[in-house]
Structure formats: structure tokens, C-alpha cells
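Required output: the full structure, derived from the provided sequences and hints.
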Amino acid sequence: MQELLGQIVVQGLLVGGIYALAAAGLTLIAGVMKIINIAHGELIMLAMYITYFLYTLFGLDPLLSVVVTLPLFFALGCFLQRFCIERLITGPPMSIIIFASGLIFFAQNLAATLWTQDFRVLRGYTAITFELFGLRLTSIRLTILVSAVVVTVLLYLLLSKTKVGRAIRATSQNVEAAQLMGVNVKFIRVISFGLGVALAGLAGSLLMTIYYLYPAVGTPFGVIALIVVFLGGAGSIFGALIGGLTIGIVEALTGFYLALELKDIAAYIAFIIILLVRPWGLFGVKE
Amino acid sequence: MVKRSAKISLLVAGLAAAYIVPLFINDPTILHILIYIFFYAYFAAAWNIVGSYAGQPSLGHAIFFGIGGYTSTLLFINYGISPWIGMFVGAILAALAALALGFPTFRVRGPFFAFITLAFTLLISQLFVYFHAYTGGASGLPVPLKGDAPHLFQFNSKLPYYYTILAFFCVIMYVIYRLEKSKFGYYLLAIREDEDAAASVGVYVFKYKLMAAALSGFFTAFLGTFYTQYTRFIDPHEAFGLWRTFQPMLISVLGGPGLWGPLVGAAILTPINESIIIYFGGKYATVGMMLYGLAVMLIMLFMPSGIVGVLKRITKYFSS
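Protein chains in written order, with my numbering: chain A, 2 to 288; chain B, 2 to 321.
These are computed hints drawn from the structure, not numbers from a lab.
Hints may be right or wrong, so weigh each one.
Said to hold, decoys possible - Straight-line C-alpha distance at most 20 Å; calculated SDA-like pairs for lysine to any residue:
no. : chain 1 : residue 1 : chain 2 : residue 2
1   : A       : K35       : B       : D197
2   : B       : K147      : B       : K159
3   : B       : K208      : A       : V278
4   : B       : K184      : B       : K208
Structure below.
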């Protein structure tokens with residue numbers, strides 16, 4: 002029993018790593034711009050398709066395709082921010098949401114039109130497992146968990162140690178004050194959004210190694226990422242990691258002790274409780 | 002400004018046309034499109050109570066739609082209760098659901114609110130699949146056929162469905178018209194423009210948001226029953242799918258704000274969408290929806306006041 006519980010918690014942690022990775026970019030954007038990019042999951046979906054076709058058409062390993070998706074999605078994010086979001090930021094708050102809804106709709110149906118509703122999957126990675134302290138681990142899931150931790154640490158270092166990072170944090174705390182201190186706020190927003198979207202690209206590439214792919218796959222990822230961001234507190238980089246792991250473990254335990262079908266619902270219930278009790282999240286700052 | 006009497010005669014003429022014209026249409030395809038124009042206009046109008054007037058961009062209205070459709074159908078299948086009665090039960094349940102959902106979700110604002118309501122739609126959809134013993138699960142529920150049975154909300158021709166949805170539409174338009182003129186309506190506008198300012202002058206923001214949600218959910222549920230009776234089928238995809246979730250918002254935004262925005266938006270979008278589905282088959286339906294998504298993005302960027310806003314600007318240009 003003890004061993005089984007350990008195995009379940011480890012499984013939960015491994016799944017949680019995926020959630021944390023999906024949420025990292027979302028929380029960065031949420032922190033800096035005070036908006037939530039509701040099309041985040043669709044960006045992950047597009048990255049998954051790109052990864053899939055890089056492999057099937059050119060034989061590029063899904064893990065290596067990060068070198069394509071990361072810069073590509075950084076550019077996409079910069080473009081979206083510079084030419085779309087920036088125009089909407091001054092308008093009514095509704096306009097960004099509606100724009101992003103349009104993007105969700107566009108992206109999902111684009112994928113369905115170009116690549117049909119078929120389920121696609123890359124085989125190979127999920128079969129490799131190894132044993133550690135009597136626990137069975139899937140190598141690729143461990144890779145993703147480690148990537149999530151590495152991304153979190155790198156983001157933290159970027160935000161706390163570099164000049165750009167300081168400017169990003171300044172912008173997220175007070176736009177006017179940052180502007181007065183000579184921060185090019187517009188540029189910082191472009192960089193932040195680009196980074197957030199690049200992380201969606203990274204997540205997409207890594208997730209393609211274990212998940213099956215279809216046009217609507219992004220929405221559940223987006224929603225779980227949102228739950229994680231809320232749990233950790235919008236803008237909290239470490240919060241996203243802890244939040245992701247927490248949701249992963251909660252899901253694994255629910256799936257084991259109650260019913261497998263109910264594991265998604267457990268995350269929602271945790272979410273509702275957070276909303277009611279601590280709407281600014283576990284590690285967020287109350288406004 | 003158009004004179005009041007001119008407005009009223011225009012309204013009467015429009016209603017008369019909406020009543021008489023379908024009598025001379027024999028083509029079921031055109032009648033089908035007319036039905037869907039009022040269907041989508043109603044949906045957007047009901048959504049507007051929360052989405053436009055109170056400024057809360059809900060992506061949860063598919064839930065109320067689904068509650069309406071499922072409640073009337075389940076009551077009919079299990080207890081033989083006519084959907085005409087069942088739809089009121091569904092509407093009341095939807096209003097209660099709106100209160101229950103509004104309670105946690107109205108604590109957050111703007112984009113966060115939109116995303117959370119989307120999350121709830123997915124959750125409810127999963128619950129309907131999970132409790133398949135009661136809801137028919139993923140394969141859905143067909144409405145038992147009773148032939149031409151007006152008292153059971155079943156007709157053999159499309160014309161009675163057309164008049165039903167027209168009547169529904171008139172009701173929602175009257176409700177919105179009264180809302181625009183009421184104190185409650187002004188409170189909602191105040192909340193949309195600036196929540197904190199509204200609260201500071203004594204508007205109970207949370208209470209009025211909840212009231213708006215209940216009203217909006219109540220009226221959305223009727224549409225769920227209508228849809229289920231018209232297509233004689235409901236499943237989680239029809240009720241809570243992506244299309245249903247975004248539909249009212251897209252139409253409302255494309256049409257533009259105000260009383261007539263939903264009808265304008267629906268009148269332009271529905272023929273395009275339905276013709277794509279009818280003439281090109283379901284295979285190309287995604288192309289149409291893709292273009293919708295693109296259109297919404299471009300409209301937000303370049304004409305945020307919607308089609309009504311553009312029409313207003315054109316008429317202003319010619320009248321000056």
C-alpha cells in the first residue's frame with residue numbers, strides 16, 4: 002500500500018510537471034500585463050502540430066524541435082503583442098478577450114481544416130521506462146518535469162538578475178512609474194508576451210512526445226494552465242510550478258481513490274475552493 | 002434622430018413582413034435559414050444582458066442552453082411532460098445555475114472571468130458525459146417522435162418552428178428594450194463602465210451582476226429547448242461545444258452593441274454559415290468557422306463598434 006501510494010504521488014508529480022510547463026508562459030503574461038491569454042492552449046496546440054509535422058516530414062526528433070518552436074513562437078508572440086494586443090490594450094477590457102476568443106476559434110478550425118479532426122500520436126518515447134527506489138518512472142515524463150523546473154529557475158533568474166527582467170518586473174508593478182524611470186514599456190510588453198508565447202511553443206513540443214493530438218486538444222491544456230495560474234497566483238513563477246504539481250497530485254489521488262473519470266473534476270473543485278477562499282492564489286499578492 | 006412615430010411604424014412594418022413573408026416561401030432551406038437568423042439573434046440578445054450590458058464576457062452560456070435542452074427532453078422522456086412546460090422548468094433551473102456559477106466567478110474580472118466561465122463549460126460537459134445513465138452520455142438524447150403534435154412542441158413542417166422562434170425573439174427584444182430603459186439597466190451599464198466607481202456610488206455590483214446572470218440564463222434556456230425540439234436531438238457537443246460556447250459572443254460582437262446589434266449580426270452571419278454547411282457539407286464547415294474567428298479578430302482590431310457602428314457612421318456621413 003505504502004509503495005502504491007508512492008507510485009501514485011510520483012505519477013501525479015510527473016503529470017504536474019506537464020501542467021506547470023503549460024502554465025509558465027501564461028503566468029508570465031498574466032503578471033506583467035494583467036491579462037490572461039485565453040488562447041494559450043491553442044498556441045500549445047499549434048506548436049504540437051508543428052512538432053508533429055517536423056517529425057513525420059523531416060524526421061526531426063520532437064525534443065529537438067524545440068529549437069524551431071521556441072524562436073518561432075517567440076516571434077509569433079512579439080507579432081501578436083506589437084500589432085494586435087497593443088492596439089487593444091487601450092480599448093475596453095472586453096476587446097482583448099473577444100480578440101483572443103476569435104483566435105481560439107480561428108486556430109482550432111484552421112487545424113481542423115488543414116489537418117482534419119484525426120487523432121495523431123508519436124510513438125516511441127512513452128515506452129521507455131526505468132526503475133528508481135522501487136518506483137517505475139517514464140523517462141519522458143521525468144524529462145518534462147525536469148524541464149518545468151529548469152524553465153522555472155531560468156525564468157526566475159531572468160526576472161531577478163537581468164536588466165530586462167528588472168524592467169519587466171517594474172512594468173508589472175507600476176506602468177507609469179516604470180515609464181518615468183525610462184523603461185520602454187511598449188518594448189517590455191512585446192518581450193514579455195513573446196516569452197510567454199515561446200513557452201507555449203516549448204510546452205507544445207514537449208507535450209507532443211506523450212499526448213495524442215487533435216484540433217481541440219488546446220482547450221483542456223489552456224484551462225488546466227489557467228487553474229494552475231490561479232492556484233499559484235497570477236505572475237508568480239514558482240507558484241505556477243507548485244500549483245502544477247499540486248493539481249497533478251490531486252488528480253492522481255482522485256483518479257485512484259474515487260474514479261478515473263472524476264480526476265479532471267477534482268482539479269475544478271480545487272479551483273472553485275481557491276476562487277472562493279483565496280482569489281489571489283496561494284502565492285499571489287492581494288490587490 | 003428618427004421620430005418616435007416613424008420608429009413605431011417601421012417596427013410594425015418589420016413585424017408584419019416577418020409574419021407574412023414566410024407564408025410565400027416554399028423552399029425549406031430558406032425557411033431554415035430564417036429560423037436560424039432569429040435563433041442566433043435571440044441567443045446573442047440573451048447573452049447581451051450579461052455580456053454587453055453588464056460587460057461580463059461570459060463563455061458559460063452554453064451551460065444554460067444545455068440545461069434548457071436537457072431538462073425539457075429528460076422531463077418528456079421520463080415523465081411525459083410536454084416540452085412547453087419543461088422549458089419553463091429548464092429556464093428556472095438555468096437561472097439557479099447562473100446564480101450558483103456567478104457566485105464564485107463574479108469575484109474575478111475581465112479576461113479571468115471569461116476563461117473561468119469557459120472552464121465551467123468544459124466541466125459541465127464532462128459531468129454530462131460522466132452521468133451517462135441519466136443524460137445519455139456522449140451519444141446524446143433523441144427526442145421521441147410523436148408526429149405532428151403541437152402540444153408536445155413537435156411539428157411536421159418548419160413554418161410553426163419559425164413562428165415559435167419569432168415569438169421568442171419578440172419576447173427577448175421586449176425584455177431588452179425594457180431593460181435599457183430601467184434603473185437596473187443603468188446599474189448594469191455603470192458596472193460595465195467602471196465597477197469601482199459604480200460601487201463607490203452605492204451600486205451593489207455583485208448583486209446586480211448575479212441578477213443579470215440569472216435573467217440571462219433564464220432566457221438562454223428557452224433556446225436550448227427550442228433547438229432540441231427543432232433538431233430532435235441533443236448531446237454534449239451540441240449543447241456545450243466550442244461553437245455553442247462562442248456563438249452568442251461572436252454574433253453580439255459582429256453585430257455591435259445595443260438593441261438591434263444581435264439581429265444585424267445574425268442576419269449577416271447566419272446565411273453565410275448555414276449556406277456553407279448546406280451546400281458544401283459538414284466537411285467545409287470548419288472553413289466557415291475559421292473565417293468567423295478571423296473576422297472577429299479583424300473586427301476587434303479595425304471596427305470595434307461592430308456592423309451597427311459602421312452602419313451608424315455611414316448614415317451619419319450621408320445625413321450631414
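- Compare the structure with the hints numbered earlier in the document and write down the numbers of the violated ones, lowest to highest. Per hint list: zero violations.
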